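Here's the letter readout for the chains.
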Amino acid sequence: MKKIINQPSSVLDEMLNGFTYSHDHLLKRIENTGVIYRTYKEQGKVALVSGGGSGHEPSHAGFVGKGMLSAAVCGQVFTSPTPDQILEAIKVADQGVGVLLIIKNYSGDVMNFEMAQELAEMEGIEVQKIIVDDDIAVEDSTYTAGKRGVAGTVLVHKILGAAAEEGLTLEEIKTMGEQLVQNMKTIGVAISPATVPEVGKPGFQLKDDEMEYGVGIHGEPGYRREKIKPSKEIAVELVTKLKTAFQWQQGDHYAVLVNGLGATPLMEQYIFMNDLQALLKDEQLRIDFKKVGSLMTSIDMAGISLTLVKLVDEKWADYLKHEVTTAAWI
Amino acid sequence: MKKIINQPSSVLDEMLNGFTYSHDHLLKRIENTGVIYRTYKEQGKVALVSGGGSGHEPSHAGFVGKGMLSAAVCGQVFTSPTPDQILEAIKVADQGVGVLLIIKNYSGDVMNFEMAQELAEMEGIEVQKIIVDDDIAVEDSTYTAGKRGVAGTVLVHKILGAAAEEGLTLEEIKTMGEQLVQNMKTIGVAISPATVPEVGKPGFQLKDDEMEYGVGIHGEPGYRREKIKPSKEIAVELVTKLKTAFQWQQGDHYAVLVNGLGATPLMEQYIFMNDLQALLKDEQLRIDFKKVGSLMTSIDMAGISLTLVKLVDEKWADYLKHEVTTAAWI
Amino acid sequence: MLTVDHTTNWLILFAKKIYEKKDYLNELDSAIGDGDHGSNMARGMKAMEEKLKDGQFSNVQDVFKAASMALLSKVGGASGPLYGSAFMGMAKQGGSDETDLVAILQAGLQGIQLRGKSAKGEKTMIDVWIPVIEALESESLSKEIIQDAVLQTKEMKATKGRASYLGDRSVGHVDPGAASSGYLFEAMLDGGILNE
Amino acid sequence: MLTVDHTTNWLILFAKKIYEKKDYLNELDSAIGDGDHGSNMARGMKAMEEKLKDGQFSNVQDVFKAASMALLSKVGGASGPLYGSAFMGMAKQGGSDETDLVAILQAGLQGIQLRGKSAKGEKTMIDVWIPVIEALESESLSKEIIQDAVLQTKEMKATKGRASYLGDRSVGHVDPGAASSGYLFEAMLDGGILNE
Ligand SMILES: Nc1ncnc2c1ncn2[C@@H]1O[C@H](COP(=O)(O)OP(=O)(O)O)[C@@H](O)[C@H]1O
Ligand SMILES: Nc1ncnc2c1ncn2[C@@H]1O[C@H](COP(=O)(O)OP(=O)(O)O)[C@@H](O)[C@H]1O
Ligand SMILES: [Mg+2]
Ligand SMILES: [Mg+2]
Ligand SMILES: [Mg+2]
Ligand SMILES: [Mg+2]
Chain A
8 MKKIINQPSS VLDEMLNGFT YSHDHLLKRI ENTGVIYRTY KEQGKVALVS
58 GGGSGHEPSH AGFVGKGMLS AAVCGQVFTS PTPDQILEAI KVADQGVGVL
108 LIIKNYSGDV MNFEMAQELA EMEGIEVQKI IVDDDIAVED STYTAGKRGV
158 AGTVLVHKIL GAAAEEGLTL EEIKTMGEQL VQNMKTIGVA ISPATVPEVG
208 KPGFQLKDDE MEYGVGIHGE PGYRREKIKP SKEIAVELVT KLKTAFQWQQ
258 GDHYAVLVNG LGATPLMEQY IFMNDLQALL KDEQLRIDFK KVGSLMTSID
308 MAGISLTLVK LVDEKWADYL KHEVTTAAWI
Chain B
8 MKKIINQPSS VLDEMLNGFT YSHDHLLKRI ENTGVIYRTY KEQGKVALVS
58 GGGSGHEPSH AGFVGKGMLS AAVCGQVFTS PTPDQILEAI KVADQGVGVL
108 LIIKNYSGDV MNFEMAQELA EMEGIEVQKI IVDDDIAVED STYTAGKRGV
158 AGTVLVHKIL GAAAEEGLTL EEIKTMGEQL VQNMKTIGVA ISPATVPEVG
208 KPGFQLKDDE MEYGVGIHGE PGYRREKIKP SKEIAVELVT KLKTAFQWQQ
258 GDHYAVLVNG LGATPLMEQY IFMNDLQALL KDEQLRIDFK KVGSLMTSID
308 MAGISLTLVK LVDEKWADYL KHEVTTAAWI
Chain C
1382 MLTVDHTTNW LILFAKKIYE KKDYLNELDS AIGDGDHGSN MARGMKAMEE
1432 KLKDGQFSNV QDVFKAASMA LLSKVGGASG PLYGSAFMGM AKQGGSDETD
1482 LVAILQAGLQ GIQLRGKSAK GEKTMIDVWI PVIEALESES LSKEIIQDAV
1532 LQTKEMKATK GRASYLGDRS VGHVDPGAAS SGYLFEAMLD GGILNE
Chain D
1382 MLTVDHTTNW LILFAKKIYE KKDYLNELDS AIGDGDHGSN MARGMKAMEE
1432 KLKDGQFSNV QDVFKAASMA LLSKVGGASG PLYGSAFMGM AKQGGSDETD
1482 LVAILQAGLQ GIQLRGKSAK GEKTMIDVWI PVIEALESES LSKEIIQDAV
1532 LQTKEMKATK GRASYLGDRS VGHVDPGAAS SGYLFEAMLD GGILNE
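The listed protein sequences derive, respectively, from chains A, B, C and D.
Position one of the first sequence corresponds to residue 8 (this note's numbering), numbered consecutively onward.
Position one of the second sequence corresponds to residue 8 (this note's numbering), numbered consecutively onward.
Position one of the third sequence corresponds to residue 1382 (this note's numbering), numbered consecutively onward.
Position one of the fourth sequence corresponds to residue 1382 (this note's numbering), numbered consecutively onward.
Simulated from the structure, these hints should not be mistaken for laboratory data.
Predicted, not measured: the structure shown is a model, and the values here were computed from it.
Please note that the accuracy of each hint is not assured.
Stated by the list, open to error - Under the rule of at most 20 Å between Cα atoms (straight-line distance), these lysine to any residue pairs were calculated in the SDA-like manner:
id: 1; chain 1: A; residue 1: LYS317; chain 2: A; residue 2: ASP289
id: 2; chain 1: A; residue 1: LYS214; chain 2: B; residue 2: THR202
id: 3; chain 1: D; residue 1: LYS1538; chain 2: B; residue 2: LYS234
id: 4; chain 1: C; residue 1: LYS1427; chain 2: A; residue 2: PRO15
id: 5; chain 1: D; residue 1: LYS1535; chain 2: B; residue 2: THR151
id: 6; chain 1: A; residue 1: LYS9; chain 2: B; residue 2: HIS260
id: 7; chain 1: B; residue 1: LYS322; chain 2: B; residue 2: HIS260
To be verified - Heads up, incomplete: computed chain B residues facing chain D, CB under 7 Å, no partners named:
id: 8; residue: GLY82
id: 9; residue: PRO90
id: 10; residue: ASP91
id: 11; residue: HIS225
To be verified - Anything over 10 Å on all C-beta distances counts as not near chain D; from chain B, calculated:
id: 12; residue: GLN14
id: 13; residue: GLN83
id: 14; residue: ARG155
id: 15; residue: GLU173
id: 16; residue: ILE337
A virtual CB, placed ideally from N, CA and C, is assigned to each residue, including glycine.
Please put together the full structure from these sequences, using the hints given.
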């Protein structure tokens, strides 16, 4: 393992300190917790809280700020944060009209956030939740813990963040969030694995000429392993999967996110976007919003994911473009 | 070589197409060239043009936009662009009051940009240049081609971009740029090398437990190779070098940039920032601006660089915080 | 009957087992999960041990509650809320009747199942809890029965937790949460709870 | 005297050599630079060849000018402006006198030196240009002399270009730009320019 770190066990604490220091004009950390909250407050507006295991930087703390999240709860690397910390985040975020929890669909996250929700409700705070499960690599069946939540979560932060800032109610935002999740799908490919600092070795192995489709952001197994292909062919595979899942029509409006998984340079992300552009044009989709960058990473995994959102609500494109002030959304 | 690309020889063209597509609300590409220019124009304001070899994404095209560069010229990977293209960029950028070229100090860049300057002057455009040589890893002596230009260049784009938007004259901006370069120093460390797509193998070799101080952003050799150290010790090494170079006093005002070299996750950059914070506090420096991110990369090199700017002009901190609209500056 | 001392002793023995087997639990979790179950549990055990050593407990309920809070606030992941809910259920039951160990464990199991929405045979920790409670009822609980229950998870296909993403490939590996629950019950036997 | 045909032929032979030696030039540049000199030159040669094959040239000046423009607009890096300036200098000189090859090459050398601010012995391409021009003046130019000049750069320490960052470690490697310039002059001999 080759990393610029100190003790593997202190990665989370040191990272959060460095993060808070770097962005102290925007946000603060609740001492001795993984809770990062924005200093900007607006009474009477719904607050969004997200979080999960760390290792996905800039998610989620990078999206704390005006127009996006009110707070993020950062767990140990690849480990859901605990209910007491999530409760702290809910309390610091609430501006009197309730808090929406945005949870990626992992058993650990769901259980910890739900417990926090129960605790917060006992303290009289109105809390709702939405569960993001955009990864279509895994089927949602009785044989799995459901689909996983991945890069699309960032778009959920963005769209619902704008809705919250516009003054929508908790119920309205929750409903919008659920509709959004239903219209959002992601699929990815890894070309090299991630190494959790405390583990010290890669979470899985890929040969020098191998890649794997559908790997999760914690290195969960994908659906097919094969020889590495040119970007064009990877784009065809991912778009084909998404097409089957969406069953889209010519002229449909979509938003697109090309997401780097951590160690993949922008060069590759833009080359992939170029291949994608051609395919989306062939499909005659109308792309109202595009984004490229490493927004939901898996430590130092190399690879990319592709997220599409069917823009069934015309406000979503505006919300995606709505100005925000955060550490990571440009 | 494991990369999400197609033909290695078409990397530049495809990347620029993907880039332009992704940010078509902000910028355009002059067809068949590596010139990216902002669509936003403002008559009567000085235009900044930068560029160089590609492989440093998001530099420089990611900093084209309102408040920063008017245009960037993207050469082949690690190869300076040619004078005719730089000339095109100068012409598209000029708003009648002259163009400032921001050149990283590499023989190739300097020669190509100078030729373009001569050509543009022949066409009646007023052109000035500043040469950025912030990398203190290499000494400026008659035995070298001078110090190299690295990550600090992005801060030059930012500060001078704000100055240009404020309406300073070409002469004023050039003078400010020269003063800025004199007060800006960078030093870096690589823990794994970059692979140029057309070369297909890493530009140098490092053992599994080795790192090298002072490696350049094209893989130029550094000043010392040793066993990989904890982030804290790396921070001490880099800060000590910078201290010697700056000869700073307690209470001096500085700006700081922690820059990822391409494959280094934000997690490590923030951990390094945390170590840095402690050292800068010990030194009793006043840090008026901080930035963390992979802004001047070396393809898929892993490592970081540290840039400090002594804020001898109090406007610089404001200029660094001045709002901009680009693909990459947050 | 459970006493404060017995219960504390049991949980401290549990912590010891987890420390010893931390790497092994991580390895089990690497095969079919994300490799952190040992680290997660060890982190929680450390917090639990501190609470137990510091605390003055007037009844068994408070011991279990302290354990629950420690795990809930330090483990995270899936096992944090699951063990946390187990001990919370045990605390509640212990509050009304400290004598009935079977009822206490059943309340713990129910805590896990309510939280995890899991059923028997899904290759999780409850595949140890269920047979252990059954054996306790029929007064036949032994280390073999515990170890056997843990081993039985090897041939199951996971349909809950991270291992479910592996589908058929989860077969052939012991479930890490089942293994850690096995240590919980071994500690219970070692602590001599049944002999009282 | 240089004619349009001779000159074109010379440059096309130069291009051929570069294509053949592209990988070798990259290797030389990998050792002390950034590994692209062969690719850079090959890219430029392709553009130059196209211009030369398409073009109708009425004089030698235009041939050199075409070569210069092709290299300037396709090579980039350090070698683009350097070779571009060399051919531009040669074009200017060729415009006033097509007969004096020494004067033409001297103008080329001056083009490089003005652009690159380099002097003899700095381990660059001019360490081939200078001895070649001298030998041409004394009518003793041969392939050996060219190859010898190229090899001489091996023992030099670079103080210009990327190789200068290596300091003493640049010693022991042939300079890639010297090698490519060697091919330029070998092509000149092969093209029979001197026999006219
Ligand atoms: N829904 C569930 N019900 C019961 N046990 C579960 C459930 N989900 C996971 N587990 C248990 O949790 C264990 C994994 O815990 P751990 O590795 O600490 O958490 P994570 O999966 O978040 O990394 C599994 O081995 C399994 O026994
Ligand atoms: N200032 C200079 N004067 C003369 N020749 C130079 C100078 N700088 C570099 N060169 C030549 O250019 C060659 C390198 O060219 P190339 O690899 O194409 O460019 P780059 O260094 O930009 O990658 C060197 O081998 C050297 O001969
Ligand atoms: Mg985990
Ligand atoms: Mg080069
Ligand atoms: Mg686990
Ligand atoms: Mg080179």
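Quiz item: Does the claim that GLU173 of chain B lies outside the interface with chain D hold up, using a Cβ gap greater than 10 Å?
Solution: holds, 33 Å
Quiz item: Closest CB-CB distance from ARG155 of chain B to chain D, is it above 10 Å?
Solution: It is violated; ARG155 of chain B is separated from chain D by about 8 Å at its closest Cβ, not greater than 10 Å.
Quiz item: Taking C-beta pairs only, is GLN14 of chain B more than 10 Å away from all of chain D?
Solution: About 14 Å separates GLN14 of chain B from the closest Cβ of chain D, which puts it past 10 Å; holds.
Quiz prompt | 10 Å Cβ clearance of GLN83 of chain B from chain D | solution = violated, 6 Å
Self-check item: Per-residue hint verdict: ASP91 of chain B, partner chain D, C-beta under 7 Å
Solution: Given a least distance of 4 Å, the restraint on ASP91 of chain B holds.
Self-check item: Restraint status (C-alpha distance of LYS322 of chain B to HIS260 of chain B at most 20 Å)
Solution: Since the Cα atoms of LYS322 of chain B and HIS260 of chain B sit roughly 12 Å apart, the hinted pair holds (cutoff 20 Å).
Quiz item: Minimum Cβ distance from GLY82 of chain B to chain D below 7 Å?
Solution: holds, 5 Å
Quiz item: Within a Cα-Cα threshold of 20 Å, do LYS1535 of chain D and THR151 of chain B meet the stated pairing?
Solution: Cα-Cα ~17 Å, so holds.
Quiz prompt | Holds or violated: LYS214 of chain A to THR202 of chain B, with C-alpha atoms at most 20 Å apart | solution = holds, 18 Å
Quiz item: Regarding the pair LYS1427 of chain C and PRO15 of chain A, is the alpha-carbon distance no greater than 20 Å?
Solution: Status holds; Cα separation ~18 Å.
Practice problem: Take a quick look at whether LYS9 of chain A and HIS260 of chain B sit within 20 Å of each other, Cα to Cα. | Solution: violated, 34 Å
Quiz item: Are the Cα positions of LYS317 of chain A and ASP289 of chain A separated by 20 Å at most?
Solution: holds, 17 Å
Going down the numbered hints, you'll see the structure goes against 3, 6, 13, 14, while the others check out.
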